[in-house]
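Chains S and X supply the protein sequences, listed in that same order. For the first sequence, this note's numbering assigns the number 1 to the initial residue and increments by one for each residue that follows. For the second sequence, this note's numbering assigns the number 1 to the initial residue and increments by one for each residue that follows.
Misleading hints may appear alongside valid ones.
In this list, chains with the same sequence are indistinguishable; a pair is considered to hold if it fits within one copy or across any two.
Only pairs whose alpha carbons sit at most 25 Å apart, straight line, appear in this in silico SDA-like list of lysine to any residue [to be verified]:
#1 K129 x E73
#2 K129 x D77
#3 K129 x R95
#4 K129 x P65
Hint data in this document are derived by calculation from the structure and do not stem from the laboratory.
There are 2 protein chains.
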Amino acid sequence: MLARELARTFPTIDLDDDALEAARLLVERRLPGLIVVDSAHHPVAVLPGSQILRFVVPRYVQDDPALAHVYAERQADRLCDRLHGHRVRDLLPERPQRPPVVEGDATAMEIAALMAGEHSPLVAVVESKGGPNPPMIGAISVVDLLERALPPR
Amino acid sequence: MLARELARTFPTIDLDDDALEAARLLVERRLPGLIVVDSAHHPVAVLPGSQILRFVVPRYVQDDPALAHVYAERQADRLCDRLHGHRVRDLLPERPQRPPVVEGDATAMEIAALMAGEHSPLVAVVESKGGPNPPMIGAISVVDLLERALPPR
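My request is simple: use the sequences and hints to build the entire structure.
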């Protein structure tokens with residue numbers, strides 16, 4: 001099995017989409033993450049839900065999680081208010097990562113190596129030999145891959 | 001909202017359960033990860049699907065992902081055969097992580113800080129003041145938390 005056979009259609013979000021709407025898409029479709037594309041619809045990043053939380057948790061709380069306790073319950077409930085007025089590009093990690101993208105002819109081992117290395121719940125699949133900006137065919141989740149790769153009982 | 005209100009029942013696996021059966025549980029229930037418990041049913045780890053892949057991808061391929069390409073398609077399809085005869089404890093990372101566990105009275109900020117810091121799609125919730133080995137109440141996924149924490153449209 002190759003990536004193009006495993007790929008299925010998957011919602012994408014643009015770098016300039018509203019951050020709050022992106023989080024709502026993740027929740028409504030109960031997705032393991034979001035595939036972020038540039039203006040040419042080329043996948044540039046995978047945004048797992050935990051990365052959205054990284055943006056809303058203040059830096060000093062991330063550095064010292066014990067400080068999370070200083071927020072009263074009601075104040076803590078509003079943690080996602082910080083997404084207001086932000087774009088998807090603001091949610092991405094500062095250090096660029098290896099793009100979670102495989103070509104259509106990638107094998108199960110290549111897909112698994114990328115997911116394992118990037119701790120990514122998802123990879124995007126693009127056309128093989130599609131040039132510098134190959135179009136996206138679809139995406140594969142860890143569950144999709146394991147479903148096909150697990151030996152029969 | 002506190003962790004005990006957000007927690008829902010979630011399947012758990014034991015450290016000594018069969019690794020292949022654990023992977024099947026993840027696939028069948030399409031879970032973001034598995035909660036691993038010890039013999040006292042106390043949560044000790046969260047196993048995201050990508051961590052299962054880390055176990056099945058040989059170390060030298062993880063060190064140099066280009067080597068994944070040396071596997072022929074059919075050979076790559078059988079990557080999960082490596083789970084045979086292993087237990088869940090073998091799949092856990094070698095370096096112990098911060099346990100992805102919150103007490104029942106943790107706020108949304110405390111839950112988010114833990115998920116963000118550990119890049120975890122899931123946390124387990126245990127009884128507050130439950131002693132050194134507090135019983136598990138349930139679990140919260142990133143999607144569950146965002147669902148409750150996102151501001152109304």
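Right, here's what the structure says about each hint:
Taking identical chains as interchangeable, the C-alpha atoms of K129 and E73 lie at most 25 Å apart only when they sit on different chains, with a minimum of 18 Å there against 52 Å within one chain. With identical chains, the CA atoms of K129 and D77 are at most 25 Å apart between copies only, with a shortest distance of 23 Å across copies and 47 Å within one. In this assembly of identical chains, the alpha carbons of K129 and R95 never lie at most 25 Å apart, being 27 Å within a copy and 39 Å across copies at closest. Taking the shortest Cα distances, K129 and P65 sit within 25 Å of each other only across copies (19 Å), while inside one copy they are farther apart (46 Å).
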